[in-house]
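Asks: Residue-level listing of the chains:
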Amino acid sequence: MKSRHLVGLIWALIPIAAAAEGADVSVRDAWVREAPPGVSMMAGYMVLQNNTSRAQMLVAARSSGFESVMIHRTRVKQGLTGMEHAPQVELLPNANLSFAPGGYHLMLLNPKRALRAGDRVDITLEFRGGLVISVAYEVRK
Amino acid sequence: MMTSVVLAVMLGGVWLAATYRENGSRAILLPDQVMTLFPDPKPLTAFAFTDHENRVFDLSRLKGKWSFLFFGYTHCPDVCPTTLATLARAHESMVKSTAGAKDVQFVFISVDPKRDTAGKLGQYVTYFDASFLGVTGDNAQLGNLAGQLGAVYELAITPGVDNYPVYHSAAVFLVDPRARYHAVFAPPLDAEAISRRFELLRDLEGPEAT
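As given, the protein sequences belong to chains Z and X, one line each in that order. Under my numbering, the first sequence has 20 at position 20, and the numbering climbs by one with no breaks. Under my numbering, the second sequence has 1136 at position 136, and the numbering climbs by one with no breaks.
There's no promise every hint is true.
Stated by the list, open to error - Just a sample of chain Z residues kept apart from chain X, beta carbon distances all over 12 Å, derived: (1) Met107; (2) Thr124; (3) Ile133.
To be verified - To be clear about the criterion: a stretch of chain X counts as covered by chain Z if any three or more of its residues have a C-beta under 8 Å from a C-beta of chain Z, and this derived list gives those stretches: (4) 1041–1053; (5) 1060–1070; (6) 1096–1103.
No lab work stands behind these hints, which were simulated from the structure alone. All C-beta atoms, glycine included, are put in the ideal place defined by N, C-alpha and C.
For reference, chain X alone in the conformation it holds in the complex:
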């Protein structure tokens, strides 16, 4: 007997499609297989998570920084560690760049709050990069933010089974310093490609985004 919690909020493909912006230099970044930019970044609305240090992680924590968001779970042997290791390398490369990475944060959102306590999340994310944040929340809040980003996840919880499978979006979502959903990176993810695209985007957006 399998209980499935399904949160499949897929937003229209048209909205996800990369589009040229007539007035902007963003066109030089498009079209792109690594990063999909949205013509009109969508402001996110309120949500409430808790981070791995038991602090509130809400909309205000996305303001003033570029945020790379990734949905996953710590009992994930393949995709999650691969993605976090890639993001750690991308971060390392941003740190070395001229603009640095002071205005950047990386947030691992666990869709498995039952197993991923704050303590476990902290150990997990900081293994990849000491600056990484791990956050989680209840199903309503996870569904809320996932829905706003067009992310999907599903927990195939089987009573009495510890190692239940979890399905999730493997994309990395980029939120700008005004807490607007700005771009998405689709797998397969490459650290150098991510950091290069991001640095170009940050240069182009500059003060407009902040």
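So that you can see chain Z by itself, here it is in the shape it has in the complex:
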């Protein structure tokens, strides 16, 4: 009885593993920085991996956990650091791209519930051509 359950569980897990392995674009190390008290702007980071031999274009991000999600990039121009909206981000063939502090990030405005370190929040990434990936981001301090 026990082993039948185990076999069932393994069979159930295989499609998930296969989906992650064979995905055109995979995402790892997805996290959101916990906001200090009184702050309603957060940033999300991740490493995107393009597993295909053609470029992939990230064109949008959305989440029911926030009022709005935008793809932003921190830039330095003549000593001034600021954020600018990135309408699309290109992933080169078979390459990865980091969204990391001081560079590309998802700007997350007005979380719908308080997010504390250890929480998870789902964000959906949309690519040109119809590819859509939902990713769980871990809130970290």
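Here the structure of chain Z is known, so what remains is to put chain X in place on it, guided by the hints.
Replies: Relative to the frame of chain Z, chain X by itself:
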């Protein structure tokens, strides 16, 4: 219709360049990508801010301590929290060092006084480190100190829009215990690199700086 408040006081690159000091042991710290030391630290002149506990924060508050100054604003999702978290780790590492961190303070200078009230600033900076100070002032005073440090900032205030963007220097400025602009740390900032460089500098300067 966008109103831009621009305060771009860039001091000469020559002055900012790391230079060997012929007579001093400071040369062992130079040249350096993490920290730029100035051959002749520049005495700062009077300015007046208010800290997050509504106390006056003026030139006298920079005396007797090494001060790490960072310009930013609390509605900043990426660079400011990243920098403050890095400085908190650098502070933690200084606390553990033999010389400790009693003669060190970290000051977050908000260039967005319209949104960053004392209460908000207090909540914000102490989240990163209970000892951190948040200060701000009017545009004239912010421009005054920014100018003395070669810092730049710009508020792109759009009437009716709450989330206006703010542009600012991402560097961390180091003022010595005689209130002289002594060194600057350029991004990308690393906590260990900052604390190591600082401890070396403090050892070398020793009583001369205080």
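Asks: Has the region 1096–1103 of chain X got at least three residues whose CB is nearer than 8 Å to a CB belonging to chain Z?
Replies: That given contact is violated, which follows from only 0 residues of the region 1096–1103 of chain X lying within Cβ reach (below 8 Å) of chain Z.
Asks: Does the region 1041–1053 of chain X contain three or more residues whose Cβ lies closer than 8 Å to a Cβ of chain Z?
Replies: Violated: only 0 residues of the region 1041–1053 of chain X have a Cβ under 8 Å from chain Z.
Asks: Tell me whether the statement that chain Z covers the region 1060–1070 of chain X is true, taking a Cβ distance below 8 Å and needing three residues at minimum.
Replies: violated (count 0)
Asks: Taking the minimum C-beta separation from methionine 107 of chain Z to chain X, is that value above 12 Å?
Replies: violated, 6 Å
Asks: Is it correct that the beta-carbon of threonine 124 of chain Z has no partner in chain X closer than or equal to 12 Å?
Replies: Fine: 19 Å to the nearest Cβ keeps threonine 124 of chain Z off the interface.
Asks: Please settle this one: isoleucine 133 of chain Z was flagged as non-interface, so is its CB more than 12 Å from every CB on chain X?
Replies: holds, 22 Å
Hint compliance for this structure: hints 1, 4, 5 and 6 are broken, all remaining hints hold.
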